[in-house]
Amino acid sequence: MNGVSRSGCRFLRCFITFLLLCFPAAAVNPVFAFEQPEQLLIGIEPEHNIFDQMERYRFLADYLSDQLGVKVKLTIMSRYGEVIKRFRTLRLDGAFLTSYTATMGIKELHLEPVANPVNLIGESTSQGYIFVRKDSGIRGMLDMKGGSIVFVDPATMEGYLYPLAFLQQHGVKDINEFFNRYYFAGSHASAVFAVLDGRADIGAAKSTVYSQLIKNDPSIGQELEIIAQSPKAPEVTLCIKSEIPHDLRERLASVLLNMNKTPDGKKILQQFRAQGFVRASKEDFAIIEKMAQEVLGSLTVHGK
Amino acid sequence: MLKILLTVLFILAAASDLHAGKRIGVIMTGDIPYYGVIHKTFVDELNRRFAGAEKIEIILQRPFPNPISWSNAARKLIAFDVDLIVTYGAPATEAVIYEKSRIPLVYAGLYDPEEAAVTARNATGCGFKVPLSSILRYFKRLKTVNSLGIVFSSVEEDSVRQYETMQLLTAQQNIKTEKIDIRSRADMDKLKRLTSDAIFITGSSLVHLWLDDIMPILLQEKIPAAGIFPDVKDSGMLMTLHQPSHLQGEMAAEMAWRILLGTKPSDISTYTFRDTELVFNKIEARNLGINFPIQLLIEATKVIE
Numbered sequence: 001m002n003g004v005s006r007s008g009c010r011f012l013r014c015f016i017t018f019l020l021l022c023f024p025a026a027a028v029n030p031v032f033a034f035e036q037p038e039q040l041l042i043g044i045e046p047e048h049n050i051f052d053q054m055e056r057y058r059f060l061a062d063y064l065s066d067q068l069g070v071k072v073k074l075t076i077m078s079r080y081g082e083v084i085k086r087f088r089t090l091r092l093d094g095a096f097l098t099s100y101t102a103t104m105g106i107k108e109l110h111l112e113p114v115a116n117p118v119n120l121i122g123e124s125t126s127q128g129y130i131f132v133r134k135d136s137g138i139r140g141m142l143d144m145k146g147g148s149i150v151f152v153d154p155a156t157m158e159g160y161l162y163p164l165a166f167l168q169q170h171g172v173k174d175i176n177e178f179f180n181r182y183y184f185a186g187s188h189a190s191a192v193f194a195v196l197d198g199r200a201d202i203g204a205a206k207s208t209v210y211s212q213l214i215k216n217d218p219s220i221g222q223e224l225e226i227i228a229q230s231p232k233a234p235e236v237t238l239c240i241k242s243e244i245p246h247d248l249r250e251r252l253a254s255v256l257l258n259m260n261k262t263p264d265g266k267k268i269l270q271q272f273r274a275q276g277f278v279r280a281s282k283e284d285f286a287i288i289e290k291m292a293q294e295v296l297g298s299l300t301v302h303g304k
Numbered sequence: 001m002l003k004i005l006l007t008v009l010f011i012l013a014a015a016s017d018l019h020a021g022k023r024i025g026v027i028m029t030g031d032i033p034y035y036g037v038i039h040k041t042f043v044d045e046l047n048r049r050f051a052g053a054e055k056i057e058i059i060l061q062r063p064f065p066n067p068i069s070w071s072n073a074a075r076k077l078i079a080f081d082v083d084l085i086v087t088y089g090a091p092a093t094e095a096v097i098y099e100k101s102r103i104p105l106v107y108a109g110l111y112d113p114e115e116a117a118v119t120a121r122n123a124t125g126c127g128f129k130v131p132l133s134s135i136l137r138y139f140k141r142l143k144t145v146n147s148l149g150i151v152f153s154s155v156e157e158d159s160v161r162q163y164e165t166m167q168l169l170t171a172q173q174n175i176k177t178e179k180i181d182i183r184s185r186a187d188m189d190k191l192k193r194l195t196s197d198a199i200f201i202t203g204s205s206l207v208h209l210w211l212d213d214i215m216p217i218l219l220q221e222k223i224p225a226a227g228i229f230p231d232v233k234d235s236g237m238l239m240t241l242h243q244p245s246h247l248q249g250e251m252a253a254e255m256a257w258r259i260l261l262g263t264k265p266s267d268i269s270t271y272t273f274r275d276t277e278l279v280f281n282k283i284e285a286r287n288l289g290i291n292f293p294i295q296l297l298i299e300a301t302k303v304i305e
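Protein sequence lines, in the order shown, are assigned to chains F and G. First residue of the first sequence: 1, per the numbering used here; consecutive thereafter. First residue of the second sequence: 1, per the numbering used here; consecutive thereafter.
These are computed hints drawn from the structure, not numbers from a lab. Just to be clear, a hint being listed does not mean it is correct.
Below are the DSS-like pairs computed for lysine-lysine, each with C-alpha atoms no more than 25 Å apart in a straight line [said to hold, decoys possible]: (1) Lys140(G) x Lys134(F); (2) Lys190(G) x Lys215(F); (3) Lys140(G) x Lys215(F); (4) Lys176(G) x Lys215(F).
Please work from the sequences and hints to get the whole structure.
Encoded structure:
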């Protein structure tokens, strides 16, 4: 019995050694070796200053590449609202998406929300603001009639969906009839500047950009007045294709959620201008889907 | 009997002809394109509204921008006993109000009419307001601004108000100001001694009358300038944030039309236009060695290249 056992053990040891020699990677990382993609291509929705934005995200991408052992590459999506189109044409594996496009991506592409960055004032969410110049004389809906309004982009919650919902709740059925003019500024900051200059009477933009602009130039806060604000929704969410292996998605989430616990991670967060990341869930986007259904009748996919 | 009847009919016909048509006196200071646009739109809109139903005669006065000329223009129109006086800009409006005539007055092109406090009972009109803080903000996004020169004319009330507003804004941001009061051509020499990082040109008619002489001096000193009137003649403004003035012409015409049909000026509310257009001039930027960042260019209503 012992002889058999000894020879069996010898055979087993030889077999394992043979396996280790043939597949050294399997010994280090046996679970992911066969499923792990060579790289992850992550899209970014353009902000006001895309050069600054790319710089911030580049630090994060390099860190993720190191931590995951998978090259993380970034690409700027040409504009808001083309998330569906871009995911297909650019063959993206994931994207940092704003709340409305994330909602579209989750519904249309079955993307999985992974994590939300927490900004430097400790918030992972943002709100839509509707604002006017303090000296505009606009205090309510009656004063808005016949004026001009600037939105951000049709694919933003804060800069389009929410103001539409607000107007609808206050009895506006057709913005073409109610306003003398409306247009899209292309960025939240541009919408703020348009109202400051008088290029539009009423503006809509997200709270985080609005607050940041005031922080940089306090005179802006003295000139503008917020007349309505939306419920909070995730500001930016990293969403990943469901085809990406579950284990990799989980590792990605784990790296992001624990970044603020390591010195290297903290350094990257500082460069990314965030305190950390929090776990995202599909339930976070229910409020936006409801808003879209109320306003548009369905979740309209802009630029699909 | 027939003779008497014919005479009465002739007198009645002649009398009605005497009262056919209205005479409108207009005071448009100098040859300022901003006021020119208001006036053209005013005339077009008025003709459209009356559409030949009433003969409209317009007596146009173009005084040089100084108090005596404004006063003379106002007195002439009052002597003509026109049915309505229309003025463009604060000084001309003030000159008419000063004469205390009973002739109704419609003004346009007035900077911030709520602040101008035009109190005459027989006056109404429209004006505009441009956030001067935005001009300062755009300058600061272009270059470091430690001191701002403000070109104005102390004989023009609205130009003085703009100077005061801008001075207040700069003080809040610890930016020094240089005061350049233009009352005569000799005052333009002050521009050669400027040390400011940028120049704000107020909506003064005197300054705009000499803009083609002022701008080369600033260009030579490499000082960028911005203003609140459109730079129609491409005099060399780096940027303008202005209210499209044709809307004021249309509204002034509507007000004039209502007054000529019997509405009292006091029953017509005054109006302040606040819509603006932002124009950047990349040619001037190149001449000044300034680069417009892309984040700034996208804000513009129009970019001159």
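Each hint tested on the structure:
Only pairs whose Cα atoms come within 25 Å are accepted, and Lys140(G) paired with Lys134(F) is accepted, the gap being roughly 22 Å. In summary, the hint linking Lys190(G) to Lys215(F) is not supported, as the alpha carbons are separated by about 37 Å, beyond the 25 Å threshold. Distance restraint check for Lys140(G) and Lys215(F): the Cα-Cα separation of roughly 15 Å lies within the 25 Å cut-off, and the hinted pair is therefore satisfied. Among the hinted pairs, Lys176(G) with Lys215(F) is consistent with the structure: their alpha-carbon atoms are about 23 Å apart, no more than 25 Å.
Of the hints listed earlier, the one the structure fails to meet is number 2.
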